[in-house]
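*Asks:* Start from the sequences, fold in the hints, and give me the full structure.
My numbering puts the first residue of the sequence shown at 9, with every later residue one more than the last.
Hints in this document: simulated from the structure, not taken from any laboratory.
All of these numbers come straight from a predicted model, not from anything done at the bench.
Watch out, some of these pointers could steer you wrong.
Quick list of in silico lysine to any residue cross-link-like pairs, SDA-like style, CA-CA up to 20 Å [as the list claims (entries may be wrong)]: (1) LYS184 <-> SER267; (2) LYS184 <-> ALA137; (3) LYS207 <-> SER267; (4) LYS202 <-> LYS251; (5) LYS202 <-> ALA282; (6) LYS315 <-> SER197; (7) LYS207 <-> SER156; (8) LYS315 <-> GLN343; (9) LYS207 <-> GLN244; (10) LYS251 <-> ILE141; (11) LYS184 <-> GLU214; (12) LYS184 <-> SER197; (13) LYS202 <-> GLU214; (14) LYS251 <-> ALA215; (15) LYS315 <-> SER267; (16) LYS202 <-> ASP309; (17) LYS184 <-> ASP218; (18) LYS184 <-> ILE141; (19) LYS207 <-> ALA282; (20) LYS184 <-> GLN244; (21) LYS207 <-> THR286; (22) LYS202 <-> SER267.
Pair ranges (Cβ atoms, derived) [unchecked claim]: (23) ASN296 <-> HIS317: 43 to 53 Å; (24) THR22 <-> ARG247: 36 to 46 Å; (25) GLN343 <-> GLU312: 45 to 55 Å; (26) GLN99 <-> LEU299: 43 to 53 Å; (27) ASN276 <-> GLU152: 37 to 47 Å.
From the three backbone atoms N, C-alpha and C, an ideal C-beta is built for every residue, glycine too.
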Amino acid sequence: MHYGRLMLDVAALTLTVQEREILQHPQVGGLILFARNYQSRAQLSDLIADIRVQNDSIVIAVDQEGGRVQRFRDEFVVLPPMQALHRSYQQDPQLALSQATELGWLMASEITGVDIDISFAPVLDLHWAHSDIIGTRSFGADPEQVISLTKNFIEGMRQAGMRSTGKHFPGHGWVKADSHLQIATDERSLQQVKAADLKPFAALIEAGLDAVMPAHVIYSQIDPNPAGFSRYWLQQVLRDELKFDGVIFSDDLNMSGASLAKAGEAENYADRAAAALTAGCDTALVCNNPLGAQQVLEYLDSNEVQKSHRLSRMRRTDVAADTDRFAGAREIAEQLL
Numbered sequence: 009m010h011y012g013r014l015m016l017d018v019a020a021l022t023l024t025v026q027e028r029e030i031l032q033h034p035q036v037g038g039l040i041l042f043a044r045n046y047q048s049r050a051q052l053s054d055l056i057a058d059i060r061v062q063n064d065s066i067v068i069a070v071d072q073e074g075g076r077v078q079r080f081r082d083e084f085v086v087l088p089p090m091q092a093l094h095r096s097y098q099q100d101p102q103l104a105l106s107q108a109t110e111l112g113w114l115m116a117s118e119i120t121g122v123d124i125d126i127s128f129a130p131v132l133d134l135h136w137a138h139s140d141i142i143g144t145r146s147f148g149a150d151p152e153q154v155i156s157l158t159k160n161f162i163e164g165m166r167q168a169g170m171r172s173t174g175k176h177f178p179g180h181g182w183v184k185a186d187s188h189l190q191i192a193t194d195e196r197s198l199q200q201v202k203a204a205d206l207k208p209f210a211a212l213i214e215a216g217l218d219a220v221m222p223a224h225v226i227y228s229q230i231d232p233n234p235a236g237f238s239r240y241w242l243q244q245v246l247r248d249e250l251k252f253d254g255v256i257f258s259d260d261l262n263m264s265g266a267s268l269a270k271a272g273e274a275e276n277y278a279d280r281a282a283a284a285l286t287a288g289c290d291t292a293l294v295c296n297n298p299l300g301a302q303q304v305l306e307y308l309d310s311n312e313v314q315k316s317h318r319l320s321r322m323r324r325t326d327v328a329a330d331t332d333r334f335a336g337a338r339e340i341a342e343q344l345l
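*Replies:* Printed below as a string of structure tokens:
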């Protein structure tokens, strides 16, 4: 099945008339939810049911990583930051690997249990202690440790019926700048990036990673474009060298790090989407900017952009509830907080 190329968001706890209309657009393939869309599990279930009435094949996503990036908290288990697994790994690697599997399963089982398809996880960025925006979201600084822990985390996600998304390709952990707020530049050489940051992506792709989200980071010695707008990173490295055939989600095109405008120019989100899709993204993600999302839809329509043949792979699969496992996984989460 082919899916529309735009993933967007909605403003509040219920849909407006205008949002219901735009969700029916054939180029809307996905929707991401935020904390502002959540009041209770009952309210969330009603919202999701309404979304699916408008578009029954839409892929619904959320960022439910754990730690400070957890959109739903009340009536959900509070998840530790993934740095907690790094600390556990230093004491007992085998225990930490088991904990990673259970945390991946716990996060995914709660999310799929309310008819959400994916959480954009796991973070594969290394913790270089430079980046506040990555920080405690990282599974560690050592590539081999990150590979081991995230493989197990993904296995837990799969056991709960959720597909995985590795982010932020080819690695956001080195730069200090927050690409949500400014243009971020990594001045290292290709050899340095491949020797460390790229290793988790390569290993997880070989192990069957379902999707990738590129960083809004410019690797200035390698390519002048942010990775999410770079044919070098997305085509030559990701598709050709690493043989990745999964979904490529753009990161939010509303972020400052995604800007293409020159000084004095007005920003046009159609240009951002065109750059991302031309570089190789399957889906353009536009958050917190309804006008920008509308510009992208107009671009997709006027240019007759073909739909994605990959996004359908990200729909959740139904898995039976396991109350005993849930209790044990919740205990692990509480111990790691």
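*Asks:* Checking each numbered hint in turn, tell me which of them this model violates, lowest number first.
*Replies:* Hints 3, 5, 6, 8, 10, 11, 15, 16, 17, 19, 20, 21, 22 and 23 are the ones this structure does not satisfy, whereas the remaining hints hold.
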